[in-house]
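Asker: Here is how the chains run, residue by residue.
There are 2 protein chains.
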Amino acid sequence: MTRRDFLDQVGKVGGAVAVWGAMESLGLLGKPLMASAKEFTSPKKSDLAMANKNGKKIIILGAGIAGMAAAYELGKAGYDCKILEARERTGGRNWTVRKGTAESEINGVKQIAKFDKGLYFNAGPARIPQHHVTIDYCRELGVELEVFCNANEFSYYYQENSGPLSSQKIRKGTVKADTRGYISELLAKVSDKTALDRPLSKEDIERLTAYLKGEGDLSSDYTYKGSTRRGYKELPGAGLNPGTIDSPLALTELLQSGMMNSISGDYDFNQQPMLFQPVGGMDQIPKALESKLSGKITFGAEIQEIRQSADGVRIVYKTNKNGKTSEITGDYCICTIPLPVLKNIPADFTPQMKNAIKNINYATTGKIGLQFKNRFWEKDDRILGGITTTNMDISQIWYPSNDFLSQKGVLVGYYNFGQNAVDYGNLSLSQRQARAISQGAKIHPQYAQEFETSFSLAWHKIKYSEGGWASYSASDRTNYYPILNEPQGRIHLAGEHLSYLTGWMAGAFESARIAVSRIHEEVLKESKVTSKVG
Amino acid sequence: MTRRDFLDQVGKVGGAVAVWGAMESLGLLGKPLMASAKEFTSPKKSDLAMANKNGKKIIILGAGIAGMAAAYELGKAGYDCKILEARERTGGRNWTVRKGTAESEINGVKQIAKFDKGLYFNAGPARIPQHHVTIDYCRELGVELEVFCNANEFSYYYQENSGPLSSQKIRKGTVKADTRGYISELLAKVSDKTALDRPLSKEDIERLTAYLKGEGDLSSDYTYKGSTRRGYKELPGAGLNPGTIDSPLALTELLQSGMMNSISGDYDFNQQPMLFQPVGGMDQIPKALESKLSGKITFGAEIQEIRQSADGVRIVYKTNKNGKTSEITGDYCICTIPLPVLKNIPADFTPQMKNAIKNINYATTGKIGLQFKNRFWEKDDRILGGITTTNMDISQIWYPSNDFLSQKGVLVGYYNFGQNAVDYGNLSLSQRQARAISQGAKIHPQYAQEFETSFSLAWHKIKYSEGGWASYSASDRTNYYPILNEPQGRIHLAGEHLSYLTGWMAGAFESARIAVSRIHEEVLKESKVTSKVG
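So the protein sequences, as listed, match chains P and Z. All residue numbers for the first sequence refer to UniProt numbering, where the first residue is 1 and numbers rise by one. All residue numbers for the second sequence refer to UniProt numbering, where the first residue is 1 and numbers rise by one.
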């Protein structure tokens, strides 16, 4: 019997007040308010019916993932949700750039994507780990998934000014095989293993040595002499062709190149395989949410004021089209506006809250999509999906994880952060394109001949976002984050910035669940008060 | 200018004999005959036209990958190919089991797959590395690819009778993070690194230590104390929920478990990411080839004799349907029959060839497909694709890499080799099913409730295959393999067994390319002789 079933049974026998009491004794309503989204269950119509409630009117600011997820969940219980969205589209930073996509950056010129029909890149979030709640929403909403290729051993490392391997593209699998080989050899050859820092029995030392031999593909004398794992000089094949392998890179070359330091990036919990993307673009997720929210979203509504009283909330907004100011009232507000935007909107928040909002930094980050006539990376380099990593300021090249073997494709020609992103963001559109192509061409000379068209963006210069994601320092988490998480009267914040999954859609989804649960609790709580009074 | 363009030009000016001379001087016709498929170019009609040839009649034995690829390539130049296929379907060991698939093993009972429509598993080859020629054929034939999930850090290791971690399912990412942590710590803490077996400068030692800190996610004192990479006890999320991590497994526990020894399996050159599978089943490849060979394949034709003279080949076959014996003649024969089958067919081969054929062992291997009502591994375990690895005799559990988030699915409940496969193969169908379920249920208790239907097979008991793939010892490669690669008069062998890519479709494709090139060379060579005589 689930908790939900139990409460339903209690409701049938004892009515709303009994449900309230049961929920309280189950610890569902006590202070502190729900702080984790892990135990979330969607509000149900029967909750409100049992409490003699018809729900309330909830004003939601922003039709990104958090705002729409909140409206979707509240809608399951019959709440009357209205979403105000400044843009003419849903999704916020979940944004797929395809033919006709138009955007002007702050102080920038208008850019219209000229990609061929069917080609696109995900300008914002682009990968979903299998353990994120985002997967559950894809299942529930019928969003079809395909694998996102993150770690591909055939993609390259390419480093400049880094010793003897400078300006050479080397397959990631080669660097990994050689690194594992040397590390295993070094440890396997430590003659007195009992002197190692961990206590090891004789049997453990034998097991460790056997493991190292396999891990590094070492020869019988525990020397690393290369391995088929690093790839072949001549691939093996049919007939009298067993293949040949090259000597390994020298350990000092590897160490000087710094390539080996990038390997552990593949181990990050949010970047380990498997990762996924929706078929057809990341915006299939907001589109699926939007399809559940027909008539509830007002587009082009730029928020001017966020007001509240003891009885309700009042939101003043300007309609982009005619510049007219309107207002809307409701019982509660969920505000998902990114903090760099929110800090400039007059709002009935405490001074502490206002101070917290203005003190959170957002990541500077940018991407460029480059359309090419042919998928030379698949045909010539035999790289199907994955990411090439470099210390040039493009930082990364992403190969598409979809429509393999088709003719044309869009690469992400840079995906960078911090100062690199600021620098790229300061360039004109044509300068960004030229710089991305000239750097990328060092790895893929085919760029020059195959390039067709580009679309670039700097998130810190995109209106209504003004940054990639909340970038908390440890002290921000201590000083400001708890304040942001406390409801301000009838106003609850939500979004990736209200999570420890910043930059991930899962943070937005989970924070929406918390806001939904808290408002729902409040509404049920009022019913208890009413029952006692009535 | 390509070699092909050059020869075309030569042909226009000087005719077939000039082409021949040019080819000879380019080393295209000299002894030894083409031994590598890497330099393959498809035969063209213009080759034969220039040589005043109309091609020849080629009899191909077997409509698997090798046989059909040979017919497809020869067909491009206008050769008249006839394929004799013992089964009523193409593909050979490339075999996708779906609703209605029927098979009787040798001395076995008839089995008909009862999977739901749309559900299937690949009984034979099931993954394609991005560097295999198979990818090129998929591109050329329009076979759509999707990612095959090989290494998934959320799938499990599960070992029995192996120390304190026995009978615990542990995420692969956890084992990997802890292993990398300890190995990095052990090496980072070797106090006198100049005593290590490789010469290391002071700067290299600093770089090595920095690398180890990152590789192992070590603390500032270079101790491994666990890492978020191993996964969380409580996942991080929205609100005041940063997540918590468990202590690492003990090094001695890991060493005793043997789990860490399985990690390097993910590094194998043919199993590194990215890997692919055709959308809709591996048999989309033979189906695509078949669609190019309309009218050229005779099904149900069991080969009885393989004969040749100086002038041509003669193949005697029995039609399965009526048991009638027929024969067909041609100029050349390409024989792709697996050696355990071929050794029992009377053939005009040299005694050395016959001896080689009968001396090659084939792998014993088996699989079972288990259909479940719900994809509990995706919903409960959050495993989307990938492989669980165990020392139980099921060896592996494969989670489907397609149709993620849909309701039902087919797991590969065992995929084993050697004695495990022999043991499973000796069981009745219901015993195999019961054993696979009881072992798998130790990892996934949901098996009991969710199981619906199974289909199992032992390749060494499948008629016309009698094994998984050629399994050469080093001495076999020296003693027998070169003999198998020499054409026997007008008869050329092809198939995965004629390659260093045994067990991979690429071996079959490449060997077909060699047979095609050799026959085409022979035909062009005859034209030279004719020209000189005529």
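These aren't lab readings, by the way, just hints derived from the structure by calculation. Please read these numbers as outputs of a predicted model, since none were measured by experiment. Treat the hints loosely; a few may be bogus.
To be verified - Quick list of in silico lysine-lysine cross-link-like pairs, DSS-like style, CA-CA up to 30 Å:
(1) P:K292 to P:K76
(2) P:K379 to Z:K38
(3) P:K408 to Z:K38
Asker: Confirm or reject each hint.
Answerer: Hints versus structure:
The suggested pairing of P:K292 with P:K76 holds, with an alpha-carbon distance near 10 Å, which does not exceed 30 Å. Proposed proximity of P:K379 and Z:K38 is supported: the alpha carbons are some 15 Å apart, at most 30 Å. Distance check on the hinted pair: P:K408 and Z:K38 sit about 26 Å apart at the alpha-carbon level, within 30 Å; holds.
Figure legend: structure checked against the earlier numbered hints; every hint is met.
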